[in-house]
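Just add 4 to the spot in the sequence shown (first one is 1) and you have my numbering.
None of these hints come from the bench; they were simulated from the model.
For glycine and all other residues, C-beta sits at the position ideal for the given N, C-alpha and C.
The reader is advised that the hints may include incorrect statements.
[Claimed, not checked] Below, computed lysine-lysine pairings styled on DSS-like, alpha-carbon distance capped at 27 Å:
| id | residue 1 | residue 2 |
| --- | --- | --- |
| 1 | Lys356 | Lys117 |
| 2 | Lys351 | Lys234 |
| 3 | Lys351 | Lys117 |
| 4 | Lys351 | Lys38 |
| 5 | Lys13 | Lys117 |
| 6 | Lys120 | Lys9 |
| 7 | Lys9 | Lys351 |
| 8 | Lys118 | Lys356 |
| 9 | Lys10 | Lys120 |
| 10 | Lys234 | Lys13 |
| 11 | Lys351 | Lys10 |
[What the hints assert, rightly or not] Label-pair distances were calculated between CB atoms; the ranges are:
| id | residue 1 | residue 2 | range |
| --- | --- | --- | --- |
| 12 | Thr154 | Leu46 | 37 to 47 Å |
| 13 | Gly348 | Ala312 | 51 to 61 Å |
| 14 | Lys118 | Pro44 | 34 to 44 Å |
| 15 | Leu148 | Glu205 | 54 to 64 Å |
| 16 | Pro76 | Ala163 | 36 to 46 Å |
| 17 | Gly73 | Thr318 | 28 to 38 Å |
| 18 | Tyr11 | Ile139 | 44 to 54 Å |
| 19 | Glu205 | Trp235 | 32 to 42 Å |
| 20 | Lys118 | Ile339 | 29 to 39 Å |
| 21 | Gly73 | Ala312 | 50 to 60 Å |
| 22 | Arg255 | Pro7 | 16 to 26 Å |
| 23 | Pro7 | Val331 | 18 to 28 Å |
| 24 | Arg231 | Leu8 | 25 to 35 Å |
| 25 | Leu148 | Arg345 | 41 to 51 Å |
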Amino acid sequence: MEPLKKYFKRYFIDAMSSMAAGLFASLLIGTIFKALGMIPYLSILADIGGFAQAMAGPAMAAAIAYSLGSHPLVIFSCAAVGYAANQLGGAGGPLAVFFIVIIAAEIGMLVSKKTKVDIIVTPFITILVGGLLSIFCASYIGALVGFISTFIGWAATQAPLVTGIIVSVVIGICLTLPISSAAICAGLVLTGSAVAQGSSEGLAIAGAAAVAGCCAQMLGFAAISFRDNKWGGVLSQGIGTSMLQMPNIIRHPQIWIAPTLTSAITGPLAVCVFDLRMYGAAINSGMGTCGLLGPIGIILGWLDPANAYPYDVTLLNWVGLALICFVLPVVLSVIFNEILRRTGLVKDGYMKLDN
Numbered sequence: 005m006e007p008l009k010k011y012f013k014r015y016f017i018d019a020m021s022s023m024a025a026g027l028f029a030s031l032l033i034g035t036i037f038k039a040l041g042m043i044p045y046l047s048i049l050a051d052i053g054g055f056a057q058a059m060a061g062p063a064m065a066a067a068i069a070y071s072l073g074s075h076p077l078v079i080f081s082c083a084a085v086g087y088a089a090n091q092l093g094g095a096g097g098p099l100a101v102f103f104i105v106i107i108a109a110e111i112g113m114l115v116s117k118k119t120k121v122d123i124i125v126t127p128f129i130t131i132l133v134g135g136l137l138s139i140f141c142a143s144y145i146g147a148l149v150g151f152i153s154t155f156i157g158w159a160a161t162q163a164p165l166v167t168g169i170i171v172s173v174v175i176g177i178c179l180t181l182p183i184s185s186a187a188i189c190a191g192l193v194l195t196g197s198a199v200a201q202g203s204s205e206g207l208a209i210a211g212a213a214a215v216a217g218c219c220a221q222m223l224g225f226a227a228i229s230f231r232d233n234k235w236g237g238v239l240s241q242g243i244g245t246s247m248l249q250m251p252n253i254i255r256h257p258q259i260w261i262a263p264t265l266t267s268a269i270t271g272p273l274a275v276c277v278f279d280l281r282m283y284g285a286a287i288n289s290g291m292g293t294c295g296l297l298g299p300i301g302i303i304l305g306w307l308d309p310a311n312a313y314p315y316d317v318t319l320l321n322w323v324g325l326a327l328i329c330f331v332l333p334v335v336l337s338v339i340f341n342e343i344l345r346r347t348g349l350v351k352d353g354y355m356k357l358d359n
């Protein structure tokens, strides 16, 4: 039993925690740069953000290999493996990177420093194994995420109440998992924008519900983990990613209850009460408060004349946006989490982020 705990911690706690840091240091910080690049005269920051986002696969891979205690040549070689796995995995790219890099790094370590031509053998074996796994397996891992996409596509055709609940919960969960909620939303074109082919009211509703679910996860975790992580945790999760909590979720799944229940409430409220619709870029539907791109996407959909937003934007919409994206995720998650704490299901330290 003890060896099993050791390997569980090595691969699903340490490796996943480092992977989340790698994702934050590339894709997510790049997203924040891109958001800042929207400010007049700061467009150069958007270019910097694009460069950072492009390195998501290598950054995650290097972080995973480092967490496993790999030798330098193995870590450097895993950067190429991470790029391949992330590209070929599609919306499931981060998940493909996680599994494939672990295998490639461990096999690379079997030959690392074992020969006099280590500088050739180690990268050759590491990249060969990782490259082959990426070519033959990454797309299948991505296909698993495809089932989620199919389900979301079905949900987008249902009544607004049903769409609001299902899409908000599922996309919110995807945001926290090591898969790309943004890629799922972009692939399904969850927007009613006039520039999106095949756009419909159902997709605009689903896009708004997705924003609600993502905000609930990010700000929900930021708020309920404040005891453990203070303001650093608020910033890293609130404008970064709730995926940082995945190692803790694996240890204590019950900490996921409060943000998920919150998303089940804010999703239908967003689309049925406050009439929020996503007419901005579809990718923003899966971003939540990362770089504030979720609410920014909704606002740009309201204001961009190219979209021909079909409704009058009212005070109710603006109040709803503030409540759904910022206020309710914090208030509801704290209430639900306090109930869990009083029952003993959640305790101090359960959501402590690794430094």
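Hints, one by one, checked against the model:
1. Lys356 to Lys117: violated, 36 Å
2. Lys351 to Lys234: Roughly 16 Å separates the two Cα atoms, so the pair holds.
3. Lys351 to Lys117: It is violated: about 44 Å lies between the C-alpha atoms, which goes past 27 Å.
4. Lys351 to Lys38: violated, 37 Å
5. Lys13 to Lys117: This hinted pair holds, its Cα atoms lying about 26 Å apart.
6. Lys120 to Lys9: The hint is violated at about 35 Å.
7. Lys9 to Lys351: holds, 21 Å
8. Lys118 to Lys356: violated, 39 Å
9. Lys10 to Lys120: Not satisfied, since the Cα-Cα distance of roughly 32 Å exceeds 27 Å.
10. Lys234 to Lys13: holds, 25 Å
11. Lys351 to Lys10: holds, 23 Å
12. Thr154 to Leu46: 37 to 47 Å: holds, 39 Å
13. Gly348 to Ala312: 51 to 61 Å: holds, 53 Å
14. Lys118 to Pro44: 34 to 44 Å: Roughly 57 Å apart at Cβ, these two residues miss the hinted range, so it is violated.
15. Leu148 to Glu205: 54 to 64 Å: violated, 30 Å
16. Pro76 to Ala163: 36 to 46 Å: Cβ of Pro76 to Cβ of Ala163: about 56 Å, so the range 36 to 46 Å is violated.
17. Gly73 to Thr318: 28 to 38 Å: violated, 57 Å
18. Tyr11 to Ile139: 44 to 54 Å: Taking Cβ atoms as reference, Tyr11 and Ile139 lie about 27 Å apart, which means the hint is violated.
19. Glu205 to Trp235: 32 to 42 Å: holds, 40 Å
20. Lys118 to Ile339: 29 to 39 Å: At roughly 57 Å between Cβ atoms, Ile339 and Lys118 fall outside 29 to 39 Å, so the hint is violated.
21. Gly73 to Ala312: 50 to 60 Å: holds, 56 Å
22. Arg255 to Pro7: 16 to 26 Å: holds, 18 Å
23. Pro7 to Val331: 18 to 28 Å: violated, 47 Å
24. Arg231 to Leu8: 25 to 35 Å: holds, 31 Å
25. Leu148 to Arg345: 41 to 51 Å: violated, 34 Å
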